[in-house]
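> Below are the chains, spelled out letter by letter.
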Amino acid sequence: MQESGGESLQSRGMIPPLAAAAHELKSPLSLIRQLSLELENTRLTPEQQRLIERVSLTSERALRLTTDLTKSARLEDAMFAVEPLNPEQICQDIVHELTPLFAAHGRTLSVAQRRHPLLLVANRDLLRRILLNFSDNALHYTEPGTVVHLQIKALQKGSIVRIGVRDFGPALSADMWRGLQQKLAHAPQAIHARPQSSGLGLYLASQFASAMNGTIGMTRHRDGATFYVDLHASRQLSWL
Amino acid sequence: MNGRVLLVEDDMWRAELELERLRRAGFEVVHAAHAQSAITKIDDAKPDAIIADVLLSGATVMALLHELQSYPDTKDIPVVVYTDVSDSLSLDNLKPYGVQRIVDKTTMGADALVVALRGVLA
Numbered sequence: 007m008q009e010s011g012g013e014s015l016q017s018r019g020m021i022p023p024l025a026a027a028a029h030e031l032k033s034p035l036s037l038i039r040q041l042s043l044e045l046e047n048t049r050l051t052p053e054q055q056r057l058i059e060r061v062s063l064t065s066e067r068a069l070r071l072t073t074d075l076t077k078s079a080r081l082e083d084a085m086f087a088v089e090p091l092n093p094e095q096i097c098q099d100i101v102h103e104l105t106p107l108f109a110a111h112g113r114t115l116s117v118a119q120r121r122h123p124l125l126l127v128a129n130r131d132l133l134r135r136i137l138l139n140f141s142d143n144a145l146h147y148t149e150p151g152t153v154v155h156l157q158i159k160a161l162q163k164g165s166i167v168r169i170g171v172r173d174f175g176p177a178l179s180a181d182m183w184r185g186l187q188q189k190l191a192h193a194p195q196a197i198h199a200r201p202q203s204s205g206l207g208l209y210l211a212s213q214f215a216s217a218m219n220g221t222i223g224m225t226r227h228r229d230g231a232t233f234y235v236d237l238h239a240s241r242q243l244s245w246l
Numbered sequence: 068m069n070g071r072v073l074l075v076e077d078d079m080w081r082a083e084l085e086l087e088r089l090r091r092a093g094f095e096v097v098h099a100a101h102a103q104s105a106i107t108k109i110d111d112a113k114p115d116a117i118i119a120d121v122l123l124s125g126a127t128v129m130a131l132l133h134e135l136q137s138y139p140d141t142k143d144i145p146v147v148v149y150t151d152v153s154d155s156l157s158l159d160n161l162k163p164y165g166v167q168r169i170v171d172k173t174t175m176g177a178d179a180l181v182v183a184l185r186g187v188l189a
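Those protein sequence lines, which keep their order, are chains A and B. Count along the first sequence starting at 1, add 6, and that's the number in this note's numbering. Count along the second sequence starting at 1, add 67, and that's the number in this note's numbering.
Keep in mind that the hints are not guaranteed to be accurate.
Cβ-Cβ distance ranges computed for the label pairs, FRET-style [unchecked claim]: (1) A:G223 / B:K108: 29 to 37 Å; (2) A:D229 / B:Y164: 52 to 60 Å; (3) A:L37 / B:K113: 24 to 32 Å; (4) A:R241 / B:R185: 25 to 33 Å; (5) A:Q55 / B:R91: 17 to 25 Å.
Since the hints were made in silico from the structure, they are not lab data. Quick reminder that beta carbons are idealized off the backbone N, C-alpha and C, glycines included.
Please work from the sequences and hints to get the whole structure.
Right under this line is the structure:
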């Protein structure tokens, strides 16, 4: 970003090249999205409508990634306020936001509702970005016609809240996951979370979780995987 | 006519799109491609409100905001900032410069600027 003094942060070496590239991509991507939104409001054949909706949804996915990248670059410099949050409400918001994208791919996203609500301590925006990331990952590795579930559970006698995104796609090998966990601690690089994936989204999710004193992880299933984030539970309710 | 608006946007295709949307909504719109051009045009345009991108060719929107605050006849013009870097900005910090709304360019709907304008002109 350029400051009022005229010297850009990039020229002072304050924005990593990857984040700078992401920032430069935002402008053309947002223009593509706006042009397609404009077209959606014109008279189109059903086929044209379907295609232009895909342009909008795809540009939104790309914008989410570029915003994640620029935010990740600022994690060390910025303070991210944490607060007690209801994870179920955030999951419902994610479902609302991603339902058009999932529907366009013939898939469904849902929240497994809990009888007793939990509270966790997190930054709303960072948690949202982690779950958007996991959901986007699940979208591309789950079988058409299946439902991706957002699941919330309490662990370690209620001190940790886990939010998981369960997909139904090809399973990860144990070797592949061990390699991913080792690489998560380092700078962005080729992380092969799954075939055809760079793993960049998971790297960013890991950075965001660390900024909230949380961790991400994965459970393998015979028919897919659950990617999860563990965060500290809020003790706010126990004070009452 | 809903009001006169000065749109400051350096991407010509984006400017063309937003100009068309604002005109469809009944606003009279003048376009400036950068901060210096906006400063030059403001006396003739006499806008009721200004919509401005932040990262412009040349000086940023801050140059325009400082200039607006320098004159009694422009310091009260409401400004809507729309930008790709909205998460780096704070409305509280920009309010002293006349900014009343920040719109996120990356997530905004097609009618977001019209809605913001109606809000600041109400």
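> Just tell me: holds or violated, for the beta carbon distance of L37 of chain A and K113 of chain B against 24 to 32 Å?
holds, 29 Å
> Do the Cβ positions of Q55 of chain A and R91 of chain B conform to the proposed distance bound of 17 to 25 Å?
Given about 21 Å between the Cβ atoms, the range holds.
> The hint says 25 to 33 Å between R241 of chain A and R185 of chain B; measuring C-beta to C-beta, is that right?
violated, 44 Å
> Has the hinted range 52 to 60 Å been met by the Cβ atoms of D229 of chain A and Y164 of chain B?
holds, 56 Å
> Could one say that the CB atoms of G223 of chain A and K108 of chain B fall in the range 29 to 37 Å?
violated, 56 Å
Going down the numbered hints, you'll see the structure goes against 1, 4, while the others check out.
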